[in-house]
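Letter by letter, the chains look like this.
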Amino acid sequence: MTLSGSKVIESPADLEDLREKLRKQLKPSAKSVRVCIGTGCAAKGARRLYELFLQAAGESGNGVEIEAKCVGCHGFCERGPIVVVQPGNIFYQGVEEQDVGEIFRETVIGGRIVERLLYEDYITGEKARTADEIDFYKAQMRIVLAENGSIDPTSIEDYLVSGGYSALARVLRTMDPEQIIAEVDRSGLRGRGGGGFPTARKWRSCRGAEGSPKYVICNGDEGDPGAFMDRSIMEGNPHAVLEGMIIGAYAIGASQGYIYVRNEYPLAVDHLSRAISRIRDLGLLGEKILDSSFSFDIRINRGGGAFVCGESTALMASLEGRVGEPRAKYVHTVESGLNSKPSNLNNVETWANIPAIINRGGEWFSSIGTQSSKGTKVFSLVGNVENTGLVEVPMGITLREIIYKIGGGIKDGKSFKAVQTGGPSGGCIPAAHLDVRVDFDELTKLGSMMGSGGMIVMDQDTCMVNIARYFLSFLKDESCGKCTPCREGISQMLHILDRITHGEGETGDLEKLESLAELLTETALCALGKTAANPILSTIRYFRAEFEEHIRDRHCPAKVCRGLFLYEIDPELCTGCGICKKNCPAEAISGERRKPHVIDQTKCTKCGICLEKCTFNSILKV
Amino acid sequence: MPSEIIQEIVSRYEGDIGMLIPMMQDLQVEFGYLPAEALHRLSKQLELPLTRIYGVATFYSSFRLTPRGRHEVTLCMGTVCYLKGAGRISEVICGEYQIEPGGTTSDRLFTLQAVNCVGACALAPVMIIDGRYHDHVTPESALKIIHGLQAESETAEKGAE
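So the sequence lines, in the order shown, correspond to chains A and B. The first sequence begins at 8 in my numbering and counts up one residue at a time. The second sequence begins at 5 in my numbering and counts up one residue at a time.
Please keep in mind that the hints were generated in silico from the structure rather than gathered at the bench. One should not assume that every hint holds.
Here are the simulated lysine to aspartate or glutamate pairs, DMTMM-like style, with alpha carbons at most 20 Å apart [to be verified]:
1. LYS412/A - ASP466/A
2. LYS610/A - GLU599/A
3. LYS88/B - ASP111/B
4. LYS628/A - GLU556/A
5. LYS483/A - GLU104/B
6. LYS418/A - GLU95/B
7. LYS613/A - GLU18/B
8. LYS421/A - ASP466/A
9. LYS628/A - ASP442/A
10. LYS88/B - ASP419/A
11. LYS588/A - GLU599/A
12. LYS134/A - ASP159/A
13. LYS620/A - GLU144/B
14. LYS48/B - ASP419/A
15. LYS613/A - GLU144/B
16. LYS162/B - GLU100/B
17. LYS88/B - ASP607/A
18. LYS421/A - GLU553/A
19. LYS610/A - GLU556/A
20. LYS589/A - GLU100/B
21. LYS348/A - GLU144/B
22. LYS28/A - GLU370/A
23. LYS589/A - ASP560/A
24. LYS613/A - GLU100/B
25. LYS28/A - ASP159/A
26. LYS28/A - GLU66/A
27. LYS28/A - GLU74/A
28. LYS88/B - ASP468/A
29. LYS88/B - ASP560/A
30. LYS589/A - GLU144/B
31. LYS148/B - ASP159/A
32. LYS613/A - ASP560/A
33. LYS620/A - GLU95/B
34. LYS566/A - ASP468/A
35. LYS588/A - GLU104/B
36. LYS620/A - GLU104/B
37. LYS628/A - ASP577/A
38. LYS566/A - GLU95/B
Using the sequences and the hints, build the whole thing.
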């Protein structure tokens, strides 16, 4: 059922009445098909699957109530599109258009399982009927992502049925702002955007700051490449973010909220916009919310595409319609931020944790995690790992558990080389530290950082020098150019790394890199610059020999840096088909038809086209 | 260029200078890029120095000052896509069409955009054409998809004749 737009919820009692009404209308006997429409599944045609299921449900007409609905990201993007059938929570993966009829006939109507669409453990070969039986989900603990995969992100009704906005009603009815902040303080929640600053302390400072109006801001400018936690939260459960923001605004005394969303996330903008307009219609946003004296509204701003805008002062400059340049923070943004007014900025995941903390208590939240880092953290586990996707785990879990138990280990039977955490501000952690417990402080000690939650697994074929170069080149493009250390320092470091990856490295280069890195860390204006050297320092720290091999022997052991290894043809495997010869732009390959070919190393430009074109795997990197 | 469009966009945000970026985003939706004339008018309308507007237009990577091609080819250059060979894909496309990332082909068939991360890492390497995601692309499959655009537009042209 859908609520009519004009029905306004005027008091907490109205909200509970409505929730009861919605719950009563749920038929426990009803069957449902839930199709994941997160970006990963949608890219593989999940929208079309949803339409087909909807059509099938409409046509079934045999007196059975069948519901087809869209839900947010399940996290297991590797196996998408994902379809879950109720009753039974039957978990189908890799579903294609032609499977819709069978799922509908067999499972929805017949209650039988379609075996071939179940997830199969690649070690034991066992099939899993539900998500709970899959290792990828077993070791997870979902608070923020709890409702992803079960509620329709575009439906306020679904969110209300699952208990949504009860935390808001509770704080407005029974708690004063100080009590809310105390509860958040008890939870030990620290900012999920990367810095790990205690959330309650930030709220308290902003509440105590002089000036009016006050603002709350949600940082949805998820810029780290390889990270999509916030995207999935905004797409999959936008109301949780909004509810968190409204509660925060009440605690701080803010009257206006902003959500700054990355331009590359159109679905997140769409779902958030719809959610805002629904709660505004219903009276959960706007003047005198739920019969209290509290008024608050939220606006969405789309980012312009600048990584530096993830930094709080740059983001606020961008919200003011200016270029996103950070400023020195001797005056904190909680005192003078957006429009020089007290502004409290938190990350998407931080806001989304708030309703659960209010509902279940700060003590419950702080019972999860380690001494210094409480609760759970969402990571995007990606790269050369078997199970790519979004995982939410309790703080304190080891990297090994995440990568091997949840992630299923390294793809294609290769060996682990490093895991990169914290995006361009983080670092690469080698195998020797896989048993470290993941929390804010432990990762920092290793020269990396928690960051916003990107976790990129790299296998033996990854060149660490090249990865360091990649991050630096990223940061060079994204440096705003305001302060000299960042603008010039990154360029100089990149120049040195360019030389090394081209086989022109010199003795002393590593020392130069280290001293530039130190300079940058100590003198750059904002966090982007201060942490820019982390990818370099951590790779030099753990993979120094690999750097030295590039410099001394002009050799790339991972055979990634072009020019620092050779291509050869394996005469055993070469069939003499001539494709490589035909495609070689340097005319470096010769040989008679049906006889093994050879590469003339003096002519070869090492472009790698022969390797791409050969269908017999006979081109070797040596 | 009708000045009503600019007026309408400015009034959409009640002339609030803080909303300069959304205004420019709307302008770009309207024209496909930011025409110089539109920016001049915007500057007059808001009584804001043109340098400030150009500052914003050139700072943020999503703004374009030149017309785009008929199709938009977006190549993800996030860490995972890069690890899985996105660099080579970009090279091959640029080589074949003699363009640089950010550039438009001489026949205006498409604009190639290299972006930092589209957050679809399970599909890496990812290429998005006019909003449609293509997963696990290789240099060959990427070229094949773009050749498809070319064939499509040639058939359309013939049909028009």
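Next pair to validate is LYS628/A with GLU556/A; report whether the Cα-Cα distance is within 20 Å. holds, 17 Å
Under the criterion that the straight-line Cα-Cα distance not exceed 20 Å, is the pair LYS628/A, ASP577/A satisfied? Between LYS628/A and ASP577/A the Cα gap is close to 10 Å, so the pair holds against 20 Å.
CA of LYS588/A to CA of GLU599/A, is that 20 Å or under? holds, 10 Å
Given the hint that LYS418/A pairs with GLU95/B, does the C-alpha gap stay at or below 20 Å? Given that 20 Å is the threshold and the Cα spacing comes to 26 Å, the pair is violated.
Assess, step by step, whether the Cα of LYS88/B is no farther than 20 Å from the Cα of ASP419/A, and give holds or violated. holds, 14 Å
With a cut-off of 20 Å on the C-alpha distance, tell me whether LYS88/B and ASP560/A pass. Answer violated: LYS88/B to ASP560/A is near 26 Å, above 20 Å.
Does GLU144/B sit within 20 Å of LYS613/A, going by the straight-line distance between their CA atoms? Given that 20 Å is the threshold and the Cα spacing comes to 18 Å, the pair holds.
Given hint GLU66/A paired with LYS28/A - CA-CA distance at most 20 Å: violated, 28 Å
Does the structure keep LYS421/A and ASP466/A at a Cα separation of 20 Å or less? holds, 6 Å
Satisfaction of hint between GLU74/A and LYS28/A, Cα-Cα up to 20 Å: It holds: about 19 Å lies between the C-alpha atoms, which stays within 20 Å.
For a C-alpha distance cap of 20 Å, please report whether LYS421/A and GLU553/A respect it. holds, 19 Å
Do the alpha carbons of LYS148/B and ASP159/A lie within 20 Å of each other, as the hint requires? violated, 36 Å
Checked against the numbered hints given earlier, this structure breaks hints 3, 6, 7, 9, 12, 14, 16, 17, 19, 21, 22, 23, 26, 29, 31, 35 and 36; the rest are met.
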